[in-house]
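So the chains spell out like this:
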Amino acid sequence: MERQNLGFTIFLYVCAALLALMILAPFAWLFIMSISSTNDLVSKPLRWWPVETDWSRYRILTDFTPNSHGAALMSALGNSIKIAAIATVAALMVSVPAGWAVSRTPAVGWSLWLVIGTYMLPPVALAVPLYMGLAGLGMLNTKIGLAIVYLTVLAPFTTWLLKSGFDPIPRDLEKAAAIDGARLDQMLRIIILPLAAPVIGTAALFAYLLAWDEFFYALLFTSDYRAKTVTVAIADLAGGRVADYGLIATAGVIAALPPVIFGLVMQRMLISGLTTGGVKG
Amino acid sequence: MNAGWTATRAWLLMLPLLIVMLSVIGWPFFDTVRLSFTDARLVGTGGDFVGFANYERLFSSRAFRRAFLVTTQFAVVSVLVEVVLGVLVALLLYQNFRGRNVLRALLILPWALPTVVNALLWRLIYNPEYGALNALLVQIGLLDAYRSWLGDPNSALVALIVADAWKNFPLVALISLAALHAVPHDIKAAAIVDGAGALARFRFVILPYLAGPLMVALVLRTIEAFKVFDIIWIMTRGGPANSTRTLSILVYQEAFSFQRAGSGASLALIVTLAITVLAVVYVALIRKSAGAQF
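If you read the sequences in order, they're chains A and B.
Letter by letter, the first sequence follows residues 1 to 281 in this note's numbering.
Letter by letter, the second sequence follows residues 1 to 294 in this note's numbering.
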């Protein structure tokens, strides 16, 4: 890989350009649709850039007038932010102690495999009893209800990620703390949590993104502005009688912004999380 | 600290997680098993015990066999495309060239895009009357007239696979790239000194390091693809003519559209069983290949 001839270099740059185009073109088109007038979007031959940029749809969709498209999308955004936050915090509360226990005590390791094994269960295998259970508790169409259901997805994942993050933290520190007479909770709080802060942050970020992305349970268990998430609101918009493709595209841009910005800003964290399981095994 | 106390303490720390898992996964799963032997409706009566009737009807139904085939086609082809594309992209981004780090950063974008937005984006691109794909292909002369990509049973599944692969190949690429960086430099240098060609170097130097992480990515992606619901629901709802109706879509229709909770449950369990068998076979393969290496 040290010696590169000219032909190979050209080949590399052509491939790189193609890859960039392949990744960016759909994003660019989503954005262009959102700022093109309806006339431009239905013209033949298609206009690839609007005659005049039209930002009005962003105003329409961030408008809070009751019963408007804007109000529906904004309340759904608010619900997604809250539901993902509740689910993330709850997932971390159960998976931090569990992840540490599995990391330090191999004897309970098999239970982690059982928890991870639930990843193989398709949501449709849990949906009917969860629906009946939520209905029985009066928790259908509530943010808390949906956040609890999201633990089925988030908790196994964060436990696994945290366990691999706790593994490299040396045990000597814990032994020293135990000799100094620290209680378990003190040891976890003062020694382990600060050292594990980066991996806990990574787990939180993944959990949040997973919850933001979830669609199936949200479709089944929510029905109006009180708990509908942004994924369901967008599906409503796309499946409804909205004739303006630009409006659908704009809603897509708005729903995609938070995770995409998160993704770009916290790239290193995400990539380390993505590759932890794969590379370290 | 004695060993007994350590184990007890570990279980105590596991307890909150286990309680949560039992109530949101364990109980619903066993209730699904129970429901699968009844003719329960989604709302109303609890349903009567019907033995294996739901399963028998399932195995003789054409809808089930069709959905199983569609799901398998979707999973095999999309995962294959993602793995091949992902490895090629990883090999590209492993080379030294200007702009490499920018490209690596871009790779996170399709992965971070919400699945539902991805589905909607591609639905707009495939639009039969105004879609960008039709416009592009006609303007450069590859296509004579606009086509309904998602409305034609012959092209709908392929169109879905393209949309799914575009979103998911970055995951495979990122995992492969991390694995490539784990290959020790002196081994690569030795292979070059020994005069190994590019293909031989890939086969004997790179691939052994790539195989393990790649298998993990393969397992994860295959399980995901077998469970697929969101992207299909948004783009085609299983149509046209059920040509994209996967198992998860079929369960949804059975249990929630037609409210037949019992038969929906039996179908969901068959899907679970299929995924479990697949995962076990994969893990056995991983163990075997790992054993061959070390």
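Some hints could be false.
Taking lysine to aspartate or glutamate pairs in the EDC-like style, the calculated list, with each CA pair at most 16 Å apart, reads [stated by the list, open to error]:
no. : chain 1 : residue 1 : chain 2 : residue 2
1   : A       : 44        : A       : 54
2   : A       : 44        : B       : 129
3   : A       : 44        : B       : 144
With the Cβ distance kept under 7 Å, some of the chain A side facing chain B (calculated, not the full set) [unchecked claim]:
no. : residue
4   : 37
5   : 94
6   : 106
7   : 113
8   : 116
9   : 118
10  : 151
11  : 194
12  : 252
13  : 254
It should be emphasised that the hints constitute simulated quantities derived from the structure, not laboratory data.
Glycine included, C-beta positions come from ideal geometry on N, C-alpha and C.
Evaluation of the provided hints:
| no. | hint | result |
| --- | --- | --- |
| 1 | 44/A to 54/A | violated, 19 Å |
| 2 | 44/A to 129/B | holds, 9 Å |
| 3 | 44/A to 144/B | holds, 14 Å |
| 4 | 37 | violated, 13 Å |
| 5 | 94 | holds, 4 Å |
| 6 | 106 | violated, 9 Å |
| 7 | 113 | violated, 10 Å |
| 8 | 116 | violated, 11 Å |
| 9 | 118 | holds, 5 Å |
| 10 | 151 | holds, 5 Å |
| 11 | 194 | violated, 18 Å |
| 12 | 252 | holds, 4 Å |
| 13 | 254 | violated, 9 Å |
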